[in-house]
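Undergrad: Spelled out, the chains give:
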Amino acid sequence: MSDYERILKFHIFRYNPQKKGDKPRMVTYEITEAPGMTVFIALNEIREQQDPSIQFDFVCRAGICGSCAMVINGQPTLACRTLTSKYESGEIKLLPLPGFELIGDLSVNTGKFMRAMSERVESWIHDTNADMVDYNKLEERMDPDVADKIYELERCVECGCCVSACATKRMRPDFLSAVGFMRLARFALDPRDKRTDEEFYEIMGDDDGVFGCMTLLGCEDYCPKDLPHQTQIAYLRRKMVLVK
Amino acid sequence: MKVIYTDSLVIGGGLAGLRVAIASMQRGYDTIVLSLIPAKRSHSAAAQGGMQASLGACIKGDGDDEDIHFADTVKGSDWGCDQEVARAFVNTSPKAIRQLAAWGVPWTRVRAGDQDVVINNEKVTITEKLESHGLISARDFGGTKKWRTCFTADGAGHTMLYAMDNKAIQMGIPVHERKEALALIHDDGVCYGAIVRDLITGDLIAYIAKATTIATGGYGRLYSVTTNAVISEGIGNAIALQTGIASLGNMEAVQFHPTGIVPVAILMTEGCRGDGGLLLDKDGYRFMPDYEPAKKELASRDVVSRRMTEHMRKGKGIPSRYGDHLWLDIRLLGRKHIEKNLREVKEICEYFLGIDPVEELIPVRPTQHYSMGGIRTKPTGESPALKGLFSAGEAACWDMHGFNRLGGNSVAETVVAGMIVGEYVADYCAANPLNISTTTIEHFMKQEEKKITDLLMKEFGENPFELKAAMQKVMMDKVGIFRNGPDLEQAVEELKVLNQRAKNIALRNRISSSNPELVEAIRVPMMIKLAQCVAYGAFLRTESRGAHAREDYPERNDKDWLKRTLTTWKDESADLPELSYEELDVMKMEMPPGSRGYGVDNIVHHPDTKKRTSQIETIREANPGADRFEISEILNPITIPEKFKGKNERIGRGFK
Ligand SMILES: Cc1cc2nc3c(=O)[nH]c(=O)nc-3n(C[C@H](O)[C@H](O)[C@H](O)COP(=O)(O)OP(=O)(O)OC[C@H]3O[C@@H](n4cnc5c(N)ncnc54)[C@H](O)[C@@H]3O)c2cc1C
Ligand code: SF4
Ligand code: SF4
Ligand code: FES
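In order, the protein sequences belong to chains A and B. Okay, so the first sequence: first residue is 1 according to the numbering used here, each after it adds one. Okay, so the second sequence: first residue is 1001 according to the numbering used here, each after it adds one.
Fair warning: there could be bad hints in the mix.
Residues of chain B placed beyond 10 Å of chain A at every Cβ, according to the derived structure [unchecked claim]: (1) V1175; (2) I1208; (3) V1264; (4) E1344; (5) N1432; (6) L1456; (7) L1507; (8) I1511; (9) Y1553; (10) I1619.
Below, in silico cross-link-like pairs of lysine to aspartate or glutamate (DMTMM-like), each with a Cα-Cα straight-line distance of 25 Å or less [what the hints assert, rightly or not]: (11) B:K1643 / A:D226; (12) B:K1643 / A:D207; (13) B:K1002 / B:D1116; (14) B:K1496 / B:E1466; (15) B:K1645 / A:D148.
Bear in mind the hints are in silico, worked out from the structure with no lab data behind them. Just so we're clear, the structure is a prediction, and the values are computed from it rather than from any experiment. Beta carbons: idealized from backbone N, C-alpha and C, even for Gly.
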C-alpha cells in the first residue's frame, strides 16, 4: 500500500435502457485513491458522493458470489477484488460484461442467462432414487479423491467472465459456453449422476455444444476461479467423439 | 394493479428460502421465490467453514451424537435458546446433510489411515478408521466437544447453495429475481403475501399467497464493519416489524466474529482456527491460552472476540491507520493444507491484502457477523401473532441460537428449518383457503405507491447514504462487542434523531425505475428502525449473556433475565419500539442453566434451576431402563413433522 494520494480517473459506460431517450456514453469521474481501494469501494464512493444514479451489482464484495463481473481496462474480471493500485496510470475504464442483457450502466442480467444454462444442461443429479434416499441411514460412500475433484469443478461462481471472453459465443448466440461445459464436466465426473454418455451427447454433441468450441481459451485466461477449462473441454470432446 | 397469486410465497432465495420452497413444492403447492439477486448469489454462498451435524464418522468425531450436539448448542446460546427447537434441530441435522449429499453436495470425505493435522500448535498424526472411509468427514470448530463441522474444502456454503438451487431448478420452482418485498399484506391478523417492487422496471406487484415465508437473511449491515454481504440489510425483518403485529425476538443478540480482515472486514473462516491456526499479538505472543486455558482459540466466538478486544485494550494490538488489530497465524498449517482446504482464504489474502498467508500473518479483528435476533416464531416457524406468516434461516428467531450461535450451526439451521418449517407451510396451505378482498390488496398497494411518489416528488431533504452511514457508525461505536449503559442510552437517543431525519429523505435522481438511490431511500428508514430495536433492547437488558456483554452488568442474570426480548412497532409515528418479554421456562428445560465454562463463573441463578435439576435426577432414577431417546422424549418432548422422527444411523454404532 503506497501512502501518497493520487487522483483516479474512472471512465464509466453509462446507459439506462429504462429511461426514455437515454443514450450510451462514457462518463469520467475523479476520486482520490485510498489505501487498499478496490473497484467496489471506488464505485460506491462515486455513487454516494457524485452520481447516485449509477448502476452496478455487488453482493459479497469478497470474490465469492460472482455478481460483479465487468470489463476493467479491457479485461473481464470481478470488480470487487480488483485493487485500484493495480493500474499504474490511474485511468480505469469500466464497461458492462458483453454477451448478457444490459440492465443499466455496469449491471447485466447474468442471473437469467445462468438459470437458462442450468436448465439446458440439467444441472442436477440425475438419479431417480435421490428423492427416495433414506436419510436416516449412513450416506452412500464416495471416494475422497472423487469428492475433491468434483469440488474443483464446482468452484464456478457463474460470474460470466468466460462467456464474455469467448469468440465463439459472439458468433453463435446459442453457444453453450465454458460455464456450461464446466457444469457438464462436473456432473459427468459425479458417480451420483446416472446420466449416460448418450444423454450428455444430446445436450452438447453439436456445434452449439462442445464441437463448436474453437479452443482459443479466452475462458481459461479470464476465469477468476482458475478453473481448468482446457482439460475439461478436451475431456468432454473425447467423451463425445466416442459416442458416435 | 398487477397481482400474482400463489400458494406459498417465499421471500428470500438463500438456503433457508429455497429449502422451504422445495418442501412446499414437493407437497404439491404452487410456490414462488422472490430474491433481490439471483438465488445462487445469496449470502449463504459465502459460508466457508461448514455445517454441524453429529455424524461421528471421522475419528475426532467418534462418539458424537444428537445429545452432545444439543449440549454444545444450548451452552453456546448461554441458555438463551428455545430447547425444544434446539432438540428438533440436532435430531434433524444429520438427515439434512445426508439429503444434501444425495442432491449433489461433494462433502469432503474421510480418508482411512494416517492424517497429519495441527492441534493446539502441534503437528499430530491421527488415524482414520478403515470402516469410515468415504463417509462425510468433519473438522473442528469453536465451542464444540467433537469435530462435527462437515465441510467441502472451504466452499461449504457455495456447494450447499448450488445443490439446493439446482434442486429447485429441477423442480421448476420459479425464482423471481431482482424483486424486493417492501410490505406485507395482512388483514385481521392474517398475512396474505407482500407488495413487491421490481428493481429493474420499478413496477409494484402484489404477490398474494396463502402462506408467506420470510427468509431474507441477517441484518449485519446495520453495522459499519461487518462480514455480511451488502444486501444483508434486514429488510425482511423490517417489513415484519412494520405490520405492528408480528414481533422480533432478541434483536440485541448480535454476534461478532473474531477474525474479519482489516480493513475490508471480509471473513477469515473459523476453519482457520479449527484446523489449527493461532491468534498472536503485537509481540508475536499467543495470548488466548492465558485467557481461556481449556479451549484457547477455539472457545466460543463471542468469548474469543471479547478476549481479543480486552487484549487490544491492554495495548497489545498492532496499530494501523484503521485502528488496532491482531494477527491470525495459519503458517503452521503448511502450503498443502492451505491450498486445498483454505483456498478461498488464500485467495482473499492475496487479492485484498496482497499477502501470502502460507508465509505471512493475517491482520484481523472482531467484526460484526451474525444476527441471532429476527422474526419471532413458534417451533413450527409461524409467527405467534400474525397467522400465515412464517420465517426461517438467519431472518428468524426460531431460536436455537439464543444469545450466541455456534460456528457451523447457521447453515445447518437454514436447511433444517427449511425442512421443518417447509412442512408446516405446506400444512398451512392445505388447511387455509385463500380469502382476501381486493380492497385490502389495494390499500397496501396504495400505501407503498404513495411512499414512493412522495420520495420522487420531494425536492430537498436528507441524503439517504449519509443517514445510513451515521446509523452504522452509532451501532458500531455504541452497540458493539462491549456495551454499557451511558453509550447505549446515547445510541438510543441518536438513533431517534436519525429516525426523525429519515422521514425527510429526498432524492437527487428522481426516477421510479431502476434507481439505486431510490432503493436506498426506501430501505434506510426501515434499517434505522431495526437499529433502534437492537439498541433499545441492548439498553434495557441489564445483564450479560452470550454475545450481549454489558460492562456495567457483567453477570449472567438468570433470575431476572432468563427471557426473550420481543419487539413490536405498533404506532408508526412513535419514537421507539415497544418491548415486552417472554419467560423461558426452566421447568421445561432438558438442560437446566449451568456454566459455559469460560472465565469466572458469574451467574445469578434462577430459583427454578435447582428444582429442575433434581427433578431431572428423579426422572432418570425412575426410568432406569430408558435409553437416551426415551429420556429426551420425557424431558423435552418436541413438535416435529412425522417424516423427521426416525433415528439416525452412525458408523460402528447403528441406530443407538
Ligand atoms: C462470510 C460469512 C461466512 C459464514 N460462514 C458460515 C459457516 O461456515 N457456517 C455456518 O453455519 N454459517 C456461516 N455463516 C452464516 C450463514 O452463512 C448464514 O447465516 C446463512 O447462510 C443465512 O442463510 P439464509 O438463507 O437465512 O439467508 P441468505 O443466504 O442471506 O439469503 C437471503 C435471501 O433473501 C433475499 N432477500 C433479502 N431481502 C429481500 C427482500 N426484501 N425481498 C426479496 N428478497 C430478499 C436475498 O436476495 C437472498 O436471496 C457465514 C456468514 C458469513 C457472512
Ligand atoms: S475455448 Fe474458446 S471457444 Fe471454447 S469455450 Fe473457451 S473461450 Fe469459448
Ligand atoms: S467458469 Fe469461471 S469465468 Fe466462467 S462463470 Fe464460472 S467462475 Fe466465471
Ligand atoms: S461481489 Fe461477490 S464476487 Fe464480487
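Undergrad: If a hint holds in the structure, say so; if it doesn't, say that too.
TA: Cross-check of the supplied hints:
Distance check for V1175 of chain B against chain A: the nearest CB is about 7 Å away, which does not clear 10 Å, and the non-interface claim fails. Interface exclusion of I1208 of chain B from chain A stands, the closest Cβ pair being 24 Å apart, more than 10 Å. With a least beta-carbon separation of about 7 Å from chain A, V1264 of chain B fails to lie farther than 10 Å from that chain, contradicting its non-interface assignment. With a closest Cβ-Cβ approach of about 7 Å to chain A, E1344 of chain B is found to fall inside the 10 Å limit, against its non-interface label.
Even its closest Cβ contact with chain A, about 27 Å, leaves N1432 of chain B beyond 10 Å, as expected for a residue assigned away from the interface. Every CB of chain A lies more than 10 Å from the CB of L1456 of chain B, the least distance being 13 Å, so the non-interface label holds. Separation of L1507 of chain B from chain A is inadequate, the least Cβ-Cβ distance of about 7 Å not exceeding the 10 Å criterion. With a least CB separation of 6 Å from chain A, I1511 of chain B falls inside the 10 Å interface cut-off, contrary to its annotation.
At roughly 36 Å, the least C-beta separation between Y1553 of chain B and chain A is larger than 10 Å, which holds for a residue marked as non-interface. The beta carbon of I1619 of chain B sits about 27 Å from the closest Cβ of chain A, which is more than 10 Å, so the claim that it is off the interface holds. For the suggested pair K1643 of chain B and D226 of chain A, the alpha carbons sit about 42 Å apart, so the restraint of at most 25 Å is broken. Restraint check for K1643 of chain B and D207 of chain A: the C-alpha separation of about 47 Å exceeds 25 Å, so the hint is violated.
For the proposed pair K1002 of chain B and D1116 of chain B, the alpha carbon gap of about 61 Å is over 25 Å, so the pair is violated. Proposed proximity of K1496 of chain B and E1466 of chain B is supported: the alpha carbons are some 16 Å apart, at most 25 Å. With a C-alpha separation of about 32 Å, the suggested pair K1645 of chain B and D148 of chain A falls outside the 25 Å cut-off, and the hint is violated.
Violated hints for the displayed structure, listed by number in ascending order: 1, 3, 4, 7, 8, 11, 12, 13 and 15.
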